[in-house]
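Residues per chain are reported as follows:
Number of protein chains: 2
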Amino acid sequence: MKTLLNKQSQITEQALAAIAHMPTKSLPVLISDDFMQGLTDADFMRIAVLLAQKSYDEGGCPIGAVIVDNSSKQIVGKGHNTLVQDNHPYNHGETSAIGDAGRIDFSKTTLYTSLSPCVVCATLLYMRGLSRVVVGDITNACGTETLLREKGVQVDILQDQQGIALYAHFRSEKPEQDLEDWQGLSAVKNKINL
Amino acid sequence: MKTLLNKQSQITEQALAAIAHMPTKSLPVLISDDFMQGLTDADFMRIAVLLAQKSYDEGGCPIGAVIVDNSSKQIVGKGHNTLVQDNHPYNHGETSAIGDAGRIDFSKTTLYTSLSPCVVCATLLYMRGLSRVVVGDITNACGTETLLREKGVQVDILQDQQGIALYAHFRSEKPEQDLEDWQGLSAVKNKINL
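Protein chains in written order, with the working numbering: chain X, 1 to 194; chain R, 1 to 194.
Hints listed in this document are in silico derivations from the structure and should not be mistaken for laboratory results. Take the hints with a grain of salt, since some may be wrong.
[Unchecked claim] Simulated pairs of lysine to aspartate or glutamate, DMTMM-like, Cα-Cα distance not exceeding 25 Å: (1) X/Lys25 x R/Asp86; (2) X/Lys189 x R/Glu150; (3) R/Lys25 x X/Asp86; (4) R/Lys189 x X/Asp86; (5) X/Lys151 x R/Glu176; (6) X/Lys108 x R/Asp86; (7) X/Lys191 x R/Asp105; (8) R/Lys54 x X/Asp100; (9) R/Lys151 x X/Glu145; (10) R/Lys174 x R/Asp57.
Use the sequences and the hints to build the structure in full.
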């Protein structure tokens, strides 16, 4: 079967959005190996941000993540925050992508996240042995990059301006949802009671 | 409707197992409020261990957790590790119970866990503002109690001998599954390659 995207295909925003939305297990059927090999760090970060956009469009928190096999460049897991969509107090972009990947050896993978990880996710990332984490936004949040590096994870910063603008817009629009996602509903109630 | 368990009912192992297995949202329909009010810390810990037993019987890691509202004594969330059952590299007892509870204010709740939390879960527990954590096993794992106390969480140790024996049996039976659950598949592969 001819794949939807192959070596001759242009790497367009539409192609990356299709990858963001398609089920992970369907990607090897629909996208050729050499198309995936042609994707850069910036392209994978775009996919993470397009997952963040998907979450925002569903009324959720705009944070997405993609996990890529270091040699094949296949996407082995991806996802976005589901606080609103699954009524889940802790399913961040990173945990969503890790859950999607399943029981694999993460030491040969790179995780691209549209936003700097929270301390829970950063701890999970080094404990699951990821070799590299690429962060798309250290403007709206930052700090756990130090922890990750101390634990031997390679961390690269690759600011995605669209992702940064999207998160800043979300935070100004829904500050309580943003706070709940980081610190839980008790933090929101404490703030209201101040 | 007369409830399955009410004030006159004995608090038996069978009654606690029924609570462990029934869906959380069904509990207020099937169990009277005054039956729940009569349960002690040791009873809630038994429910957490019976959830661990359920997971073990399914081929999974025997770790369970229960979240209880401090005043009503209603169970607001419960669950067990699903590494095997959901092919999930990180859904521990605590995250499973937190996911089951949904977007609630955790500052008025107590979490009972059959095993001392890993550092990822301990971080999540203080970040979600739980008021109290009761740990049923500091024999097979320990250490994060200090972190939780430093962050203002009340920690009580209530060793459950059946839970401790169950986890020790699991660890000796499936040491690689135990290691994967704590540190990921990369740690298992590194150990094999030593």
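| field | Hint consistency between X/Lys191 and R/Asp105 [alpha-carbon to alpha-carbon, up to 25 Å] | value | holds (13 Å)
| said: For X/Lys25 and R/Asp86, compute the direct alpha-carbon distance and say whether it is at most 25 Å. | reply: holds (16 Å)
| field | 25 Å Cα cutoff - pair X/Lys108, R/Asp86 | value | Roughly 22 Å separates the two Cα atoms, so the pair holds.
| message | Please verify whether R/Lys54 and X/Asp100 have alpha carbons no more than 25 Å apart. | response | holds (24 Å)
| task | Take the C-alpha atoms of X/Lys151 and R/Glu176, compute the straight-line distance between them, and say whether it is at most 25 Å. | result | Cα-Cα ~22 Å, so holds.
| Can the restraint linking R/Lys174 and R/Asp57 be considered satisfied, given a maximum Cα separation of 25 Å? | holds (13 Å)
| query | Between R/Lys189 and X/Asp86, is the straight-line Cα distance small enough, at 25 Å or below? | reply | violated (33 Å)
| query | Does the structure keep R/Lys151 and X/Glu145 at a Cα separation of 25 Å or less? | reply | OK: R/Lys151 and X/Glu145 at ~22 Å, within 25 Å.
| Given the proposed pairing of X/Lys189 with R/Glu150, does the C-alpha separation stay at or below 25 Å? | At roughly 22 Å apart (the allowed maximum being 25 Å), R/Glu150 and X/Lys189 satisfy the hint.
| said: Would the hint linking R/Lys25 and X/Asp86 be met if the CA-CA limit is 25 Å? | reply: holds (16 Å)
The structure does not agree with numbered hint 4 stated previously, though it agrees with all others.
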